[in-house]
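J.: Below, each chain spelled out in residue letters.
4 protein chains.
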Amino acid sequence: MPKVGVVGCGYWGPNLIRNLAENRNCSQIVCCDLRPENLERISSRYPAVHVTPEFEEILGIGLDAVMIATPLSTHYGLARRALEADLDVFVEKPFTASSMEAMDLIDLARRRKRVLMVGHTFEYSPPVIKIRDLIESKELGTVFYLSSTRVNLGLHQKDVSVVWDLAPHDLSMINFWFGTGPTAVSALGRDFVQPGIPDVAFISLTFGSGMIGHIQVSWLSPSKLRRTTIVGSRKMVIYDDTDHLERVKVFDKGVNFRDPETFGEYQLSYRTGDIVSPKLDTTEPLQAEVSDFLESIRTRRRPKCDGESGLRVIRVLEAVERSLHEGGRIIELGPPLEVAATPRDDRAP
Amino acid sequence: MPKVGVVGCGYWGPNLIRNLAENRNCSQIVCCDLRPENLERISSRYPAVHVTPEFEEILGIGLDAVMIATPLSTHYGLARRALEADLDVFVEKPFTASSMEAMDLIDLARRRKRVLMVGHTFEYSPPVIKIRDLIESKELGTVFYLSSTRVNLGLHQKDVSVVWDLAPHDLSMINFWFGTGPTAVSALGRDFVQPGIPDVAFISLTFGSGMIGHIQVSWLSPSKLRRTTIVGSRKMVIYDDTDHLERVKVFDKGVNFRDPETFGEYQLSYRTGDIVSPKLDTTEPLQAEVSDFLESIRTRRRPKCDGESGLRVIRVLEAVERSLHEGGRIIELGPPLEVAATPRDDRAP
Amino acid sequence: MPKVGVVGCGYWGPNLIRNLAENRNCSQIVCCDLRPENLERISSRYPAVHVTPEFEEILGIGLDAVMIATPLSTHYGLARRALEADLDVFVEKPFTASSMEAMDLIDLARRRKRVLMVGHTFEYSPPVIKIRDLIESKELGTVFYLSSTRVNLGLHQKDVSVVWDLAPHDLSMINFWFGTGPTAVSALGRDFVQPGIPDVAFISLTFGSGMIGHIQVSWLSPSKLRRTTIVGSRKMVIYDDTDHLERVKVFDKGVNFRDPETFGEYQLSYRTGDIVSPKLDTTEPLQAEVSDFLESIRTRRRPKCDGESGLRVIRVLEAVERSLHEGGRIIELGPPLEVAATPRDDRAP
Amino acid sequence: MPKVGVVGCGYWGPNLIRNLAENRNCSQIVCCDLRPENLERISSRYPAVHVTPEFEEILGIGLDAVMIATPLSTHYGLARRALEADLDVFVEKPFTASSMEAMDLIDLARRRKRVLMVGHTFEYSPPVIKIRDLIESKELGTVFYLSSTRVNLGLHQKDVSVVWDLAPHDLSMINFWFGTGPTAVSALGRDFVQPGIPDVAFISLTFGSGMIGHIQVSWLSPSKLRRTTIVGSRKMVIYDDTDHLERVKVFDKGVNFRDPETFGEYQLSYRTGDIVSPKLDTTEPLQAEVSDFLESIRTRRRPKCDGESGLRVIRVLEAVERSLHEGGRIIELGPPLEVAATPRDDRAP
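Protein chains in written order, with our numbering: chain A, 1 to 349; chain B, 1001 to 1349; chain C, 2001 to 2349; chain D, 3001 to 3349.
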């Protein structure tokens, strides 16, 4: 059973630690953080966990793997050193601060034959998996467009914009649902509160398939919204992550249209059928994510969210940021990185 | 008291006729439509109303004014002929099919000293007027951004895109609220159902003040949404036109920030106070609109929504459409047409 | 085709007139009201309709049937005279001011072989019919209980209490759904605004089957609620008549329980499956009701809501009122009037 | 600083332990439970906490106070022994299984000069305190009635009915809000799942002031509702504990009525003003409750929810249960126990 280090025990790290502590497939946990108060909190909560302020100790103490939940700017350096020390590596999202860094880590992991995983937790979330099934089974028909709103009041980050903070969730879901990302993006945004750090952005996405998409992210909104609408030719879905009773609603709605009967005349009619909120699995996504990492370590398989998955998101974030800085100019993304056909069943974890 | 003709008695015209019929300041109504069944319906409902299939009759029968509620492509020709016949003219939104047409009508009305009004009904709507008051009184502080969603399933129009069908509402409200329109737009959209007629569009707006905006319009959505969020530095507003109990909600929420105390450190905190749904007037907007037209005829004043008001919306629609056709390119609008300072109290009608 | 008189053209009558006017199976309409202004409004709206202030004229003008939409206290007298004049009779709900009156009318109609119908419009409403189907098909299993809330602010009636104003809706639905009414009732209420006229009441219902029910009615509530919950052993339903998108929601929820495995130990588990909002027919209930009356006149069949149906509701209202006046004492209703097995398909109208 | 024992570490006890552990005014915690697995869970979570399966140890180990969170049937015996051992005592709600038991404990505590507190947590909840302020300040005017719905699916208790499980929340709030309880009750309910243990009940309440109330409790409902409506002569309140954004809404709504102008004619009109969701304090109620207990131990004052407070709830529960068993008969409660005028400011804790 793997021994795992957790680096970064501030905001998110404790969630990883809790899930490792509750997972029977993890034999030992070591935690690392520069702030003594963070380590003290972990120690009093988990007396059996060893803590250290030294990252070097994490590398040399005989661990199998490390999970990195530090500020974005440190992801690359820490992950690189861990891979060089032949550890399997999990990095929180966003993966890295640039696609160059991401590609370098992917390359290094491949050469060292190390597991490299990125923490796109939503891909382990039951409503998101349900929607993937609806898309894959063609129950929605051809997907025309999707529109996502991910807004609330705060928390303003000091090191990353609202785009890097919130949009990775939507972008990783899109990759997961459609097996591909956008081919072009444009974005309009502003830094209303902290100069130089956009806190509101409207992001438009174009896909090779003809599908289009839109993501609104904001730290300046009166109410918290986590709502994605996916419109297909056969059915439509609203995924509202704040509605605990009915997270996913499938609308049997659409337009029925046939070719012109008489010259130049389209015949349209609207179909309105049942609305169904399917029962969803109640697994905690983070538990499934941690299990996937531990299982990947054990069996040397690829995790569901591997380095390429992280890179695909980073490439779009870079393009969005560039468009933001150039006043909303359309940025082409070049040939999309197709999601590798993988022999594993991603429902498994 | 004015005698008024209504041209176009299909979908919207009957609403104008009903309001004219119930208004004590209109002495006579004459209706015109090419389809006999439309005229029959009017006759059986309003036996006192004279009906005719001949637009010429409308021009020559001694009326004071005409209200035009026909398909968009006919607005210009009909309005021009009415102005030339020295009638006061009301045109349904969108005003005209191009800004050239709009400018020509404005010029003609000015020369003929005719009233020229455009049917931006929302500017007479109590929630919209309430929000204008909140903005003007600075209760919201500086407005950072607004985001509007105007979507439902259908009705697909055959002659205009979803942009020309639904966005005029938001664009006229923006003009009314801020006294100015956007200086640049970009838009991403698609024609999923009828080739050549976009049914979904994401529209980004840039304003000279630094404010930004976004409008989502769609005829392909699972549920009807009419929701505008306006975020100011002091307060935030959600205007949900489908919520009959609480159409406008004012959130006493915001970010408190001071200049750095220590080098490079911003101090942010979030303020969360009461949420208030102010009582709204219950006037029917269309009744106020028709009253404004009749009063403008009587007193020779400018109506609240004059030709310039209609033109401002058309110019943005043209720019949005151009951006749509050029794949989302940013289109500059040139110097904004400032709303003329008018001596009239637009709360009056 | 029947010629029909409408008596009472104030608040509700015009809805009957509109539906008669739009129905191809009604050849002539005559309207009667004591107030000239009500008749004038009808005349200007429907020039072809004959109006009169004299009820005698209604009886003697050669009509086939009459629909009575006057204040409750006049129902009995008007209906009796119409039946005696050999007219078919429709009476708005509540049927009569007492069960004695109701029984007398039923008896008279039987002897004269006249159609006698009561306006329990909800029994023609698509969500109500859908729920009846769910109950009859045993999809809900055994129904344990139902709870209904029918509250809003106003309108305070001057002649009847909130119980007689609002509870008939729930009571007629219960009759329709379960084919029987309660065997005992109790009620707590008060007259907060108008002395002697209760405006709030909590009504408890006991049924022979073991089912229980509760109805809350109020003219003194902050928001309008029209919500009925029906809990069965297999599924549960929420019928919210103010939710235009999802009027009926069927919850695949319940308790699974088996007999004790070990001595004295019940094994319970909770089942939570899909939530489905079934597509509902969009017929206007009042149109179906008027059609049923016209068809019953034509074919001499029993209408869906006959006099017995009206009587069953009146008997419960009387018992509720008695309990109200006796401080909430339980009032037994005697043997329930079973809904007669009728050869007609009540889905037909 | 007090040393506190917690007896019962199953479902609720751990919440008490967590709040004691985080409270700086508690110097030592000892936990007692019959089940070793419960004690083990506490030990691994709080290594510094001493655990024991022996209640005797709790009594003899030199503690100042004990908090009892065991099944209802054991409350009396455990509390009695603790008071006899001169410990201050906190008992979870419902206080005891009968009013006899409650009175005996109150008497014993008085004689021993011990603090006796009951865990009516809602009385420490910010929305509940806000509503008390609205009532006390007469902002609602005279309260006409209240209606509460507290329903969900499960959990079926094996030892108490849904009335004893859920109604204490509403009954303690009512005591807190109005300073008095009902003078008579009646209740209709059934035991649909477990024979002999009612799982659905409709409870009607009569108050000496003329106010009436209704409480619906159920373990058999499709969705979780925690909703109380309070209707006053001046304003109305909806308290929805499941609405995290707007728990309390104050409606400036009401009926304006004057004495008859003309003989027998009331003049009614309806007033509809703003709807306000006041900002609420974010204190955790349980933290305030535990603080109140610790402070009461330290200063020998009465806690906000003392034994009398617990007894008042038990007396109503007994009456409700009796009415349930007698088919809904009205049960008079005798002279209400007025809430003692207390010199302490119950906003303090």
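Hints in this document: simulated from the structure, not taken from any laboratory. Note that the structure is a prediction, hence the values are computed from the model and not measured. Heads up, a few of these hints could be off.
What follows is a list of derived Cβ distance ranges for each label pair [as the list claims (entries may be wrong)]:
(1) B:Thr1242 x C:Arg2081: 45 to 51 angstroms
(2) A:Ala21 x D:Gly3154: 54 to 60 angstroms
(3) C:His2325 x D:Lys3138: 30 to 36 angstroms
(4) A:Asp191 x D:Glu3022: 46 to 52 angstroms
(5) B:Asp1159 x A:Gly210: 22 to 28 angstroms
(6) C:Leu2245 x A:Gly179: 49 to 55 angstroms
(7) B:Leu1245 x A:Asp191: 34 to 40 angstroms
(8) A:Leu155 x C:Thr2183: 40 to 46 angstroms
(9) D:Glu3284 x A:Ala21: 55 to 61 angstroms
(10) D:Glu3284 x A:Ser27: 43 to 49 angstroms
(11) B:Asp1191 x C:Ser2209: 28 to 34 angstroms
(12) C:Ser2209 x A:Leu155: 37 to 43 angstroms
(13) D:Gly3273 x C:Asp2252: 51 to 57 angstroms
By construction, the Cβ of each residue, glycine as well, lies at the ideal position given by its N, Cα and C atoms.
J.: With reference to the structure, classify each hint as holding or not holding.
T.: Hint-by-hint comparison with the structure:
no., hint, result
1, B:Thr1242 x C:Arg2081: 45 to 51 angstroms, "holds (48 angstroms)"
2, A:Ala21 x D:Gly3154: 54 to 60 angstroms, "violated (29 angstroms)"
3, C:His2325 x D:Lys3138: 30 to 36 angstroms, "holds (31 angstroms)"
4, A:Asp191 x D:Glu3022: 46 to 52 angstroms, "violated (38 angstroms)"
5, B:Asp1159 x A:Gly210: 22 to 28 angstroms, "holds (24 angstroms)"
6, C:Leu2245 x A:Gly179: 49 to 55 angstroms, "violated (32 angstroms)"
7, B:Leu1245 x A:Asp191: 34 to 40 angstroms, "holds (36 angstroms)"
8, A:Leu155 x C:Thr2183: 40 to 46 angstroms, "violated (60 angstroms)"
9, D:Glu3284 x A:Ala21: 55 to 61 angstroms, "violated (25 angstroms)"
10, D:Glu3284 x A:Ser27: 43 to 49 angstroms, "violated (36 angstroms)"
11, B:Asp1191 x C:Ser2209: 28 to 34 angstroms, "violated (57 angstroms)"
12, C:Ser2209 x A:Leu155: 37 to 43 angstroms, "violated (56 angstroms)"
13, D:Gly3273 x C:Asp2252: 51 to 57 angstroms, "violated (42 angstroms)"
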